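A.B. asks: Sequence:
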Amino acid sequence: MMGRSRNRRRKQQKLVNLDWTELPRGILEIIFERLTVTDCISVSDVCKAWRHVIAQELAGWQSRGVPWLMMPGKDREVRTCISILQKQHWDIVLPEAYGRYCWGSYQDWLILVKHIDCFYLEISLLNPFSRNKTDLPKTWNFYHKIVLSGLPILENYICMLVHSQCRELSFWVPGAESWLKHKLDGEPFEDAVFCDGSFYLISNDYNIWQIKSANIFASIRTYDAYGVKIDCHEVIMSEEQENSGVLKYLVESCGELLLVCRLYNTKAEAILETHDFKVYSLDFSLMSWKRVHDLGDKILFLGKCCSRSVSSTELGVAMRNRIYFSNDHAAPWWNEWDSDHLYGISARHNLNNAGRKDWGVFSLGNGTHEDFCFRGNRDRWGPIWLTCPQWWCCRKLAVNR
Numbered sequence: 001m002m003g004r005s006r007n008r009r010r011k012q013q014k015l016v017n018l019d020w021t022e023l024p025r026g027i028l029e030i031i032f033e034r035l036t037v038t039d040c041i042s043v044s045d046v047c048k049a050w051r052h053v054i055a056q057e058l059a060g061w062q063s064r065g066v067p068w069l070m071m072p073g074k075d076r077e078v079r080t081c082i083s084i085l086q087k088q089h090w091d092i093v094l095p096e097a098y099g100r101y102c103w104g105s106y107q108d109w110l111i112l113v114k115h116i117d118c119f120y121l122e123i124s125l126l127n128p129f130s131r132n133k134t135d136l137p138k139t140w141n142f143y144h145k146i147v148l149s150g151l152p153i154l155e156n157y158i159c160m161l162v163h164s165q166c167r168e169l170s171f172w173v174p175g176a177e178s179w180l181k182h183k184l185d186g187e188p189f190e191d192a193v194f195c196d197g198s199f200y201l202i203s204n205d206y207n208i209w210q211i212k213s214a215n216i217f218a219s220i221r222t223y224d225a226y227g228v229k230i231d232c233h234e235v236i237m238s239e240e241q242e243n244s245g246v247l248k249y250l251v252e253s254c255g256e257l258l259l260v261c262r263l264y265n266t267k268a269e270a271i272l273e274t275h276d277f278k279v280y281s282l283d284f285s286l287m288s289w290k291r292v293h294d295l296g297d298k299i300l301f302l303g304k305c306c307s308r309s310v311s312s313t314e315l316g317v318a319m320r321n322r323i324y325f326s327n328d329h330a331a332p333w334w335n336e337w338d339s340d341h342l343y344g345i346s347a348r349h350n351l352n353n354a355g356r357k358d359w360g361v362f363s364l365g366n367g368t369h370e371d372f373c374f375r376g377n378r379d380r381w382g383p384i385w386l387t388c389p390q391w392w393c394c395r396k397l398a399v400n401r
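Under the working numbering, the letters of the sequence shown match residues 1 to 401, in that order.
Treat the hints as calculated values from the structure; they're not laboratory data. Being a predicted model, the structure only gives us computed values, none of them experimental. Mixed in with the good hints there might be a few duds.
To be verified - If you anchor each label on the Cβ, the simulated ranges turn out as follows:
{"#": "1", "residue 1": "Asn350", "residue 2": "His293", "range": "41 to 49 Å"}
{"#": "2", "residue 1": "Glu168", "residue 2": "Asn352", "range": "54 to 62 Å"}
{"#": "3", "residue 1": "Lys133", "residue 2": "Phe217", "range": "34 to 42 Å"}
{"#": "4", "residue 1": "Ala318", "residue 2": "Phe217", "range": "41 to 49 Å"}
{"#": "5", "residue 1": "Gly296", "residue 2": "Phe372", "range": "18 to 26 Å"}
{"#": "6", "residue 1": "Ala176", "residue 2": "Gly344", "range": "37 to 45 Å"}
{"#": "7", "residue 1": "Val93", "residue 2": "His293", "range": "26 to 34 Å"}
{"#": "8", "residue 1": "Val78", "residue 2": "Pro174", "range": "26 to 34 Å"}
{"#": "9", "residue 1": "Asp294", "residue 2": "Ala176", "range": "36 to 44 Å"}
{"#": "10", "residue 1": "Pro174", "residue 2": "Ile116", "range": "16 to 24 Å"}
{"#": "11", "residue 1": "Phe372", "residue 2": "Ala176", "range": "40 to 48 Å"}
What the hints assert, rightly or not - Here are the simulated SDA-like pairs of lysine to any residue, each with C-alpha atoms no more than 25 Å apart in a straight line:
{"#": "12", "residue 1": "Lys183", "residue 2": "Asp231"}
{"#": "13", "residue 1": "Lys181", "residue 2": "Phe119"}
{"#": "14", "residue 1": "Lys290", "residue 2": "Lys181"}
We put the beta carbon where it would ideally sit given N, CA and C, even for glycine.
Let's have the full structure, built from the sequences with the hints guiding it.
C.D. replies: Spelled out as structure tokens, the structure:
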């Protein structure tokens, strides 16, 4: 009995004396791949060897990261970012963004816009962490949304510009010298998203247009806008809805197409007041919107040109079934470069802007939500969501040690 106790103590002493920095890279990968994002950020602070593996050498982790809010500020080189989940803020120096609006984002890429001559836009895609940058062809300024099919570091991805009221789309792929325009018939549409190989657009009456990426590539190669095949799906809404006072978001969530309806007050004195959210999932077999009462471990982040779904399990945070949202304008076709008059509007018109916020959070599992009321900031454009990559968080911690 005493012999077994001595052997156990010897093994424990060996573990204490083990140099954990010398663990083989393969073993570290096996361990780290089982950790959440927040756990990886924490253990990266143990030593340089671990940080190097987490921040630089683990393949397939480029999409992992922490959701941030980037505050507006066209005339600033330094942009303030807020990590809602980590309860921290960072100032990022972005000389490339000076004089440009942040139109939205795709994962860790910003969509920057320079408004020129009152008619045209210069659009560029910038990764503020790697500093990679792609300039897109100049276009008209009346589009209200841009949707990407994939990361700009890929060879084959599509950018789609959207204008609701004119029902006009424009497509661009790497290597193209100009945008390919396409006109749609029917009702105006409010939002668009890329999901499982297709772009989807939602109309005022909750129907869906589908455009397969393969058709877009083929049309751009021949520069034939009429060759873009668009399928219109009449979708059944499971509940009676009112178009008045509803802001619609399409969100891709693990291959599932979600519709989030943000219900707001239409009274003039209650501008930007949100009182409820409803979530639906598209049943492709029945072509119907089914009400979703529980998001599971998913957290939704809603914003103009920057909505996304994130797994709380993968992040490693003790929250679920929540919707974080930016203070978006009620009109989906309105852009920040149309809104410079907002700055200081409360003071000019003697309005009370106290207590109004740039973003909010809604818990989908709180019953009737009768007491929920979010009052948005009148005096400036809402911030955008951006994914801060895991590797950047690890390096930043190392610099701040």
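A.B. asks: State for each hint whether it applies.
C.D. replies: Going down the list of hints, with the structure as the test:
Hint check: Asn350 to His293, Cβ distance near 42 Å, so the stated range 41 to 49 Å holds. In this structure the supplied range 54 to 62 Å is violated for Glu168 paired with Asn352, their Cβ-Cβ distance being about 39 Å. At roughly 23 Å, the beta carbons of Lys133 and Phe217 sit outside the given window of 34 to 42 Å. Ala318 and Phe217 have their C-beta atoms about 43 Å apart, which keeps the hinted 41 to 49 Å range intact.
For Gly296 paired with Phe372, a C-beta distance near 21 Å keeps the hint of 18 to 26 Å intact. For the hinted restraint 37 to 45 Å between Ala176 and Gly344, the CB-CB distance of approximately 41 Å keeps it satisfied. For Val93 and His293, the hinted distance range of 26 to 34 Å is not satisfied, since their beta carbons lie about 44 Å from each other. For the hinted restraint 26 to 34 Å between Val78 and Pro174, the CB-CB distance of approximately 30 Å keeps it satisfied.
For Asp294 and Ala176, the hinted distance range of 36 to 44 Å is satisfied, since their beta carbons lie about 43 Å from each other. In this structure, Pro174 and Ile116 meet the distance hint of 16 to 24 Å, their C-beta atoms being roughly 23 Å apart. Checking the proposed 40 to 48 Å range against Phe372 and Ala176 shows it holds: the Cβ atoms sit about 45 Å from each other. Between Lys183 and Asp231, the direct Cα distance comes to roughly 14 Å. Compliance with the 25 Å bound is thereby established for this hinted pair.
For the proposed pair Lys181 and Phe119, the alpha carbon gap of about 17 Å is at most 25 Å, so the pair holds. A distance of roughly 33 Å separates the Cα atoms of Lys290 and Lys181; the hinted pair therefore is violated under the 25 Å criterion.
The structure is inconsistent with the numbered hints 2, 3, 7, 14, although it conforms to all the rest.
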